[in-house]
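Engineer: Here are the chains, one letter per residue:
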Amino acid sequence: MTLIRSISRRRFLATGTLGTAAALTTRGVEQLLAAEAQRQDKRVILLWLAGGASQLETWDPKPGRPTGGPFQAISTNVPGIQISELMPRMSRHLQHTAIIRSLNTKDGDHGGASRLMHLGRRDEPSVKFPDLGAIIARELGRSDSQVPDYVSFYTATEGRGTSLGQSGFLGARYNAMSLTQEQIPANLRRLEQISEMDHRARGQLRDAISEQFMRGRESSAAGSQREAYQRVPGLMASEKLFDPSSEPLSMRELYGETLFGQQTLVARRLVEAGVPFVKVSRAWWDSHGQNFETHLELVSELDQVLDALLTDLQQRGLLQRTLVITLSEFGRTPAINASLGRDHFATVWSCSLSGCGILGGSVYGKSDEDGNDVAEGPVGAGQLFATIFQALGIDHRKEYALGARPVPLTNPGSEPIKAVLA
Amino acid sequence: MSKVIKELQRREIFFCIARELENHQFFVGASDGRVYRVMPECEPPVFLGMDGHRGYVTGIVCARGQVISAAYDGSLIWWDSREGQPRRKVPAHARWIRGLALSPDESWCASVGDDMVCRIWDTESGLLRRELAGHAPRTPQHFPSMLFAVAIAPDGQRLATADKVGKINIWDSSSGALLRSIQAETMYTWDPKQRIHSIGGVRSLCFSPDGRQLLAGGMGQVGNIDHLEGKSRMEQYDLERGELIHAFEGELKGLVEKLIWHPQGHVIGMGGDHGGFVQTYDLSSQAIAQQEKTPSHIHDFVSNDAASRFYAACHGRIAIIE
Numbered sequence: 001m002t003l004i005r006s007i008s009r010r011r012f013l014a015t016g017t018l019g020t021a022a023a024l025t026t027r028g029v030e031q032l033l034a035a036e037a038q039r040q041d042k043r044v045i046l047l048w049l050a051g052g053a054s055q056l057e058t059w060d061p062k063p064g065r066p067t068g069g070p071f072q073a074i075s076t077n078v079p080g081i082q083i084s085e086l087m088p089r090m091s092r093h094l095q096h097t098a099i100i101r102s103l104n105t106k107d108g109d110h111g112g113a114s115r116l117m118h119l120g121r122r123d124e125p126s127v128k129f130p131d132l133g134a135i136i137a138r139e140l141g142r143s144d145s146q147v148p149d150y151v152s153f154y155t156a157t158e159g160r161g162t163s164l165g166q167s168g169f170l171g172a173r174y175n176a177m178s179l180t181q182e183q184i185p186a187n188l189r190r191l192e193q194i195s196e197m198d199h200r201a202r203g204q205l206r207d208a209i210s211e212q213f214m215r216g217r218e219s220s221a222a223g224s225q226r227e228a229y230q231r232v233p234g235l236m237a238s239e240k241l242f243d244p245s246s247e248p249l250s251m252r253e254l255y256g257e258t259l260f261g262q263q264t265l266v267a268r269r270l271v272e273a274g275v276p277f278v279k280v281s282r283a284w285w286d287s288h289g290q291n292f293e294t295h296l297e298l299v300s301e302l303d304q305v306l307d308a309l310l311t312d313l314q315q316r317g318l319l320q321r322t323l324v325i326t327l328s329e330f331g332r333t334p335a336i337n338a339s340l341g342r343d344h345f346a347t348v349w350s351c352s353l354s355g356c357g358i359l360g361g362s363v364y365g366k367s368d369e370d371g372n373d374v375a376e377g378p379v380g381a382g383q384l385f386a387t388i389f390q391a392l393g394i395d396h397r398k399e400y401a402l403g404a405r406p407v408p409l410t411n412p413g414s415e416p417i418k419a420v421l422a
Numbered sequence: 423m424s425k426v427i428k429e430l431q432r433r434e435i436f437f438c439i440a441r442e443l444e445n446h447q448f449f450v451g452a453s454d455g456r457v458y459r460v461m462p463e464c465e466p467p468v469f470l471g472m473d474g475h476r477g478y479v480t481g482i483v484c485a486r487g488q489v490i491s492a493a494y495d496g497s498l499i500w501w502d503s504r505e506g507q508p509r510r511k512v513p514a515h516a517r518w519i520r521g522l523a524l525s526p527d528e529s530w531c532a533s534v535g536d537d538m539v540c541r542i543w544d545t546e547s548g549l550l551r552r553e554l555a556g557h558a559p560r561t562p563q564h565f566p567s568m569l570f571a572v573a574i575a576p577d578g579q580r581l582a583t584a585d586k587v588g589k590i591n592i593w594d595s596s597s598g599a600l601l602r603s604i605q606a607e608t609m610y611t612w613d614p615k616q617r618i619h620s621i622g623g624v625r626s627l628c629f630s631p632d633g634r635q636l637l638a639g640g641m642g643q644v645g646n647i648d649h650l651e652g653k654s655r656m657e658q659y660d661l662e663r664g665e666l667i668h669a670f671e672g673e674l675k676g677l678v679e680k681l682i683w684h685p686q687g688h689v690i691g692m693g694g695d696h697g698g699f700v701q702t703y704d705l706s707s708q709a710i711a712q713q714e715k716t717p718s719h720i721h722d723f724v725s726n727d728a729a730s731r732f733y734a735a736c737h738g739r740i741a742i743i744e
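Chains as they are written, first to last, in the numbering used here: chain C, 1 to 422; chain P, 423 to 744.
Keep in mind that the hints were calculated from the coordinates and are not lab data. Careful: at least some of the hints might be erroneous.
Stated by the list, open to error - Heads up, simulated DSBU-like pairs for lysine-lysine below, C-alpha to C-alpha not over 30 Å straight-line:
1) LYS615(P) x LYS240(C)
2) LYS425(P) x LYS615(P)
3) LYS511(P) x LYS62(C)
Stated by the list, open to error - Below, a sample of chain P positions facing chain C; criterion: calculated Cβ distance under 7 Å:
4) TYR494
5) SER497
6) HIS564
7) GLN616
8) ASP695
We put the beta carbon where it would ideally sit given N, CA and C, even for glycine.
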């Protein structure tokens with residue numbers, strides 16, 4: 001009952017899939033409420049590998065081929081699945097993970113590709129689409145939540161401009177709380193010159209004026225403003241979530257001493273506290289020169305972070321309701337250039353999905369023996385997004401109303417990949 | 423003027439080359455895990471592959487009628503070069519082997535790998551003589567480091583090793599004692615803001631004929647670490663005082679992958695970014711006397727007896743340069 005009460009009536013009725021609830025039986029409503037409650041308990045952590053991580057040095061190694069590079073493949077705890085030797089720790093988590101090896105997204109430009117992999121579709125001149133985080137925040141967030149719905153870390157400066165945090169037509173309510181230079185959100189703290197008592201009194205005065213204004217009025221704008229202010233105390237209290245120093249030393253060491261490691265630890269703290277979507281961006285993977293040295297650094301770090309995150313989530317009982325995604329804007333060329341680098345490549349590349357709603361130990365799609373083309377099961381951005389939504393229990397065909405135009409969560413024809421869904 | 427007079431184009435990347443004096447042939451290590459016996463000046467050129475490694479072959483020496491190779495699979499192989507078969511394979515390092523150097527009397531060789539250890543091997547027996555451990559396994563920013571380069575002094579009494587963060591260690595090769603450490607920090611670029619990772623490292627080392635100086639090659643500080651776009655760099659050190667004598671910064675970009683001290687007193691360095699380069703350093707005037715582009719990145723080279731002709735292991739080709 002507690003769970004059901006925590007869903008606001010307004011939000012429940014606003015949910016498209018439940019729009020006909022009034023026509024349902026009491027039992028049907030209870031079932032839908034339960035399903036909605038379960039759905040809202042789900043979370044996403046997106047590890048955004050900005051700049052383009054190499055599929056050949058991560059999820060789709062080609063040892064012994066001219067394009068394979070110097071790293072070998074290693075077996076994982078799922079028989080028949082091999083990944084790069086740079087990921088020995090991750091090799092112990094394949095029972096929770098699906099690998100997609102046949103992304104073909106056709107865009108090898110950082111800007112366009114990054115937008116595509118954030119939006120799940122191409123831009124349209126007349127529509128500002130919401131990104132994945134904003135949709136998840138809209139679908140899984142709670143109006144009475146005391147924590148942010150969408151938090152995004154992007155500390156490196158390279159590529160930050162093209163790594164979207166865009167709520168589009170969903171409105172500012174679903175914009176990311178974006179952390180770039182600071183690790184703890186700025187302006188969360190009460191101003192030193194205002195006492196706690198004054199701060200509370202100001203809030204009460206604002207509430208009183210707001211209630212008086214709202215009396216007898218129907219205004220979504222005013223309602224939004226009041227809702228935003230109602231979230232202030234919770235957001236102010238959430239400051240401590242962003243500080244990993246309160247974690248035991250052993251936990252901080254598990255994630256590693258790097259910035260990416262510590263930010264991912266904060267991501268776990270946030271999802272545990274109820275934040276539905278956290279993006280941790282790790283830039284910059286654009287290894288046109290010295291690809292193997294770069295990936296030795298960055299994949300080793302990713303391996304430790306993924307291992308720590310999946311272990312930690314599992315031990316806390318959170319993995320079955322938290323979807324962990326590793327994704328870039330594209331992969332890297334099979335051909336090794338004269339600087340021992342790999343260039344941009346969107347023709348066939350890989351990503352991973354772990355945890356919530358995912359059929360662990362599955363591999364979907366196949367690249368050819370040198371990794372030049374998709375050999376089986378091409379996957380586009382829309383299909384990947386539909387799969388992510390389905391894993392979270394969100395109907396990818398659900399439509400938002402943009403004026404008179406219905407806008408589905410994914411473009412028509414983008415069907416989920418059932419083979420990787422639990 | 424340096425000029426490429428012949429190229430043998432291949433699809434492999436060649437990382438190392440050694441010259442066998444008696445038979446006028448060369449051995450090169452390649453990205454397909456093979457060691458190739460090459461006679462580049464024959465028509466048609468001879469190019470025979472020898473299988474044994476499972477990883478890029480990155481070090482090779484010819485010692486007392488034997489060929490010894492080192493690879494990213496962590497192993498050293500002693501070859502019967504006539505039969506093209508391995509005689510002995512030794513698991514030498516837990517990680518990639520980045521370099522191999524031969525002592526002047528050819529009785530021992532030294533390998534360096536990403537396990538950050540230098541190991542000294544008896545070239546006759548293949549037995550390990552000594553381990554030299556003195557390079558940190560992690561960079562100051564907590565990422566894996568790499569041990570790129572090794573060189574042995576002309577008298578065989580000392581050897582030098584160098585790593586990713588620019589640390590150069592000078593060792594007593596007999597006792598294994600660490601004699602001195604030098605920090606060539608300019609050759610390591612850590613980008614804390616734009617891209618949050620690193621590039622660079624000391625990639626080549628060379629003692630002076632009298633053993634009193636050491637040359638270190640690499641690349642200067644890099645703005646955009648996505649590319650090898652730092653200026654090529656060679657630093658000249660006085661080993662007795664442990665001081666930098668002069669830093670030579672080239673106009674051409676990329677890594678100085680190999681250095682040799684020419685009998686006439688100047689120094690030849692080769693390397694590259696996407697393309698390759700040959701540079702001649704005039705130590706007396708502390709200037710780069712010549713710098714020429716070549717078609718492809720040069721990973722290693724050897725010279726003929728007169729040091730008038732060079733045989734280079736390049737990306738996708740073997741080149742003869744005069």
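Engineer: Work down the list of hints and note, for each, if the structure agrees.
Structural biologist: Tested hints:
Taking the CA atoms of LYS615(P) and LYS240(C), the gap is about 25 Å. The hint holds against a cut of 30 Å. With a CA separation close to 41 Å, the supplied pair LYS425(P) and LYS615(P) exceeds the 30 Å bound. For the given pair, LYS511(P) sits about 25 Å from LYS62(C) by alpha-carbon distance, which is consistent with the 30 Å threshold. Because the beta carbon of TYR494(P) sits about 5 Å from the nearest beta carbon in chain C, less than 7 Å, this interface hint is met.
The beta carbon of SER497(P) comes no nearer than 13 Å to any beta carbon in chain C, farther than 7 Å, and the hint placing it at the interface is violated. A distance limit of 7 Å between C-beta atoms decides the matter here; for HIS564(P) the minimum to chain C is near 5 Å, and the interface restraint holds. Restraint check, GLN616(P) versus chain C: the minimum CB separation of about 5 Å is within 7 Å; hint holds. Restraint check, ASP695(P) versus chain C: the minimum CB separation of about 5 Å is within 7 Å; hint holds.
In this structure, the earlier hints numbered 2, 5 are contradicted, and the remaining ones agree with it.
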